[in-house]
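**Student:** Full structure from sequences and hints, please.
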Amino acid sequence: MSKRVDPALLLTLLITTGLIVGGISLLSRLSPGLIPGSAGQSNSAGDSRWESTRGSTQLTILGDTFSGYSTFRHSTFQDALKETGLTLNYEDEFDQAARAERLNQGEADLIVTTLDQFLQQQPQGQIVGLIDRTVGADAVVLNTKQYPNLKSLLDLNQLVQQARSQGKRLGIAFAGDTPSEYLSLVLDTKFEAFNLSDFEVIRVADASEAWELMQAPAGSSEVDVAIAVIWEPYVTQARQQGYTVVLSSQDAPGAIVDVLVASDRLIQSQPGLLSELLEAYYRRIDANVRDSAQLQAQIAEDGGLSSTDAVSVLQGIEFFTATESQAWFNDGTLERRIGSTAAVLALAGRLDQVPENSTALFSSEFITRAATNTQTLIELVRADNPELAERLAGRESAVRVATALENSQIQTAPDIGNLEVKGDVGFGVGSAQLTATGQQTLNQLAQEIQEFNTQTVAVRVIGHTSQTGAASLNQTLSQRRAQVVVDYLRNRGVQNNIVAEGKGFSQPLPGVAPTDARNQRTEIRLVRVN
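If you count the sequence shown from 1, position 172 lands on 171 in numbering that gives the first Met the number 0, and the numbers rise without skipping.
In short, the hints are calculated from the structure, not lab data. One should not assume that every hint holds.
[To be verified] Here are the simulated SDA-like cross-link-like pairs (lysine to any residue), alpha carbons at most 20 Å apart as the crow flies: (1) 421 x 518; (2) 421 x 347; (3) 421 x 520; (4) 167 x 222; (5) 421 x 434; (6) 144 x 222; (7) 144 x 215; (8) 502 x 372; (9) 421 x 352; (10) 81 x 347.
**Tutor:** Here it is in structure tokens:
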């Protein structure tokens, strides 16, 4: 005999059950420790890597001893993280390939690394935060003390040939798989007088070793080091001792960027943890922006540095705030930096191809809360301290418009070197009219010049002709052509100080007949100013 269920009774039972379940759910969110097993649950039920008890969730991050990463290691930041229920385990992993592989294998949740290494190692993760960019902390130093005539990249060819005639090879020393090596690749791919293949490459573990090799007396080893790529505080020491700092990350302020990479596994399983981590991290960065002495003390303590050396290190690093990081993510800046860095790596044979979809390599999702906090702080301090507001927004660190210089100041400035002209800056026969090919070449050059700091790097555009016709006519033609190039580059957005110089046929190429058409050329020479 079947029983009929009273509809009213059934409805009452359903409502009561729903209220009980909803109440438990609400209680577990408001008081996560009250209901056993309800707190810190992963989005992935089978994921046991992270502890499930609120207050003991641990993330592992891999990096190295670079001062730019010191916040992640610092006790004050670590304590602040614990208040949010997170513990960060920072481990040194100096091998970049191993660092990426350990992330892939689930031995780590995050890594800090440079943008070029991220592109080379291709870890299974995305960039979720920007840490810093170096603005002088890394530099290419010439051994002027041993080779007094070596003062720019233009002097390298003669020195290399001289060494070859004596059956020797000159050396270049840098720490492998670090920003130092990447900076050497920038020189190799962008400057015509610098070729890594001309040198005996000496890879060392640390910049201190490269610095020691440069200071070694001539003939004390099999290879004399003519160039070292080092970082602070050794850059300052080299400059003080009379060595030539020919190019630094201050001159190319976007070349070396440090990033925070989260594993795909963490992103998919614990997105909330990432937002909490980034919120706490950038809150600490905001505090350091307000009080640079605090950051200086942190760097000194972290690296065991004197206060003087800590100042040198700090002056060479610009830390991203959350709002500036978000801007880079969203306005195309990071995408352009990825493209430029990948191009250098591809030209150097370190990358098979430039990524087709670079936006898939990063996500701005997890920085939103941190950026909102910083923006709120900016609005609070703007009226009383507009300078601090600009620093928090990251605008103070942006490359400013160059201070106008006289032509004579640019023409007498110390040389850095000639950019490699990839193509032909062509003109019509006997005219100053650019050809279509010439315009394409200059379009590429304009992009490359814009990579350099407008405040420290100026440009000399030097026009040459072959020895055909009267000297005065050739001088006038070369000057007109150089000026056309200057005007074209300015129209393409180049803001560096730039000057046109015509040399006529007074400076033919070595070993080339004066009448040879190869003498008709345009040099794009970078020089150091300010």
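**Student:** Could you work out which earlier hints the structure fails to respect and list their numbers in ascending sequence?
**Tutor:** Hints 8, 10 not satisfied by this model.
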